[in-house]
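Read top to bottom, the protein sequences are chains A and B.
Just so you know, the working numbering puts 95 at position 95 of the first sequence, and the rest follows in order with no gaps.
Just so you know, the working numbering puts 125 at position 125 of the second sequence, and the rest follows in order with no gaps.
Keep in mind that the hints are not guaranteed to be accurate.
[Claimed, not checked] Just some of the chain A residues that point at chain B, by a computed CB distance under 8 Å:
#1 9
#2 21
#3 43
#4 62
#5 63
#6 73
#7 128
#8 130
[As the list claims (entries may be wrong)] Covered, in the sense of this in silico footprint (three residues per stretch, anywhere, with C-beta under 8 Å from a C-beta of chain A), are these stretches of chain B:
#9 49-55
#10 140-149
[Unchecked claim] Label pairs and their computed distance ranges (CB to CB):
#11 73(A) x 21(B): 28 to 34 Å
#12 144(B) x 118(A): 36 to 42 Å
#13 140(A) x 159(B): 20 to 26 Å
#14 56(B) x 138(A): 44 to 50 Å
#15 42(A) x 56(B): 25 to 31 Å
#16 36(A) x 19(B): 36 to 42 Å
#17 49(B) x 13(A): 43 to 49 Å
#18 56(B) x 31(A): 43 to 49 Å
#19 13(A) x 16(B): 30 to 36 Å
#20 2(A) x 106(B): 30 to 36 Å
#21 36(A) x 57(B): 44 to 50 Å
If you are wondering where the hints come from, they were derived from the structure by calculation, not from laboratory data.
Think of the CB as a built atom: it goes at the ideal place given N, C-alpha and C, for glycine as much as any other residue.
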Amino acid sequence: MAKTALTFTLNDAEAAVFVDPGAPLIDVLRRGVGDLTPKHGCGQGACGACTVLINGQAHLSCLTLAESVEGKTVETTAGLAGGPNLHALQDAFIEGFAAQCGFCTTGMLMAAKALLDANPNPSRTDVIEAISGNLCRCTGYEPIVDAVLSAAARLQGRTA
Amino acid sequence: MLSVETYQTITEAAGALGDRSRYIAGGTLVMRAVTYGDQRFDRIVRARQVDRTIGPDAAGLRIGAGSTMSDILASRDVEFLHTVAKLVGGPAIRNMATVGGNLFAPNPYGDFTVALLALDAQVVMANGQSESLESFLLGRDQVRGLVAAVTVPRIEPGSFRFKKVSRVKPKGISLMSIAVSLKRGDPRVVFGNMGPLPMRAKAAERALANGADETAIASACAVCTEGLQPADDSLATAWYRNEVAPVHLKRLLQNGGRS
């Protein structure tokens, strides 16, 4: 079966690849364009490690048909940092020890970014809800929730 | 080898469906099957224009089959369904999973369909035909065509209740879900994950036919598992499900489901 041409915007840059019919977006990101930040965890929507933003909304790239992002905007953790400066979420995760093995971290960051983009001043309950589709087997979640709240405060120019 | 066919409308897509094909909307069911090597289909059919409108119609409320759980949460017209939609997955799943897809979700998923069955929803196909959700579910594995929308009759304020029972908080897979519509004269009690399909507890419904006072609630709970067919799985045994179902139904009827 012939491959299909796919163009979309990935982290502010145009991406053009040929994809196998039926390929999930995560395979296209990791193997097609070399963005290794979305992680392949469960492959069935249970772990959230592959979370990316499509047109600004959190989606699971393992359950997204690659061809469905034609002409859309995809954001991954690879696009979070601005040059040498990490995103406030990344800084907060590092400072708050919110990453241990790191496998869930990129999904957590994207789920958190989707939250902060929509709700810059979230409550603790809002953060817990926002990452409720993302599993972490290391941290016990509390450092992650604290880090997201800290990043929100930082982005708002206040102290958490 | 898979192929993907993209059409403009769901009517065109419905015409292209056939043996060994699956229609893809949000992807939460079909892409999982692809990843796990499901060999029962080799054609994926999709449409660019999907119906995500939600609003009143002559029958009560109409929900386009392409509406996502996030669309449900964003609509004031279906506020009574917000509790249900919010319990489906995390935010990313809710941005993807559609109402139409939920009608086909196997156990332990498909909680939204449990609610729709309690609300006596009708399924509207792309060819304009409609049928009750109850009869649709009985033949869902043999469906030819595509679901365009579901319609829900107007409900009496406060008459609908829903509870999802999970072992993991805040979000876990459904051990069982229960939806109750206390419509006068025609109450419905529906259990999810207590059988191969969402199932009505008709004995419990009969017990609630004249209201939901304490006596009626006790009677309904005593018979609520009659006719249900729970299975043993990794979440719970059938015995456990049968034991706790009356407890959760009682809480739902007495105080809206709070423990």
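Check your understanding: Which numbered hints turn out to be false for this structure?
Key -> 1, 6, 9, 10, 13, 15, 17
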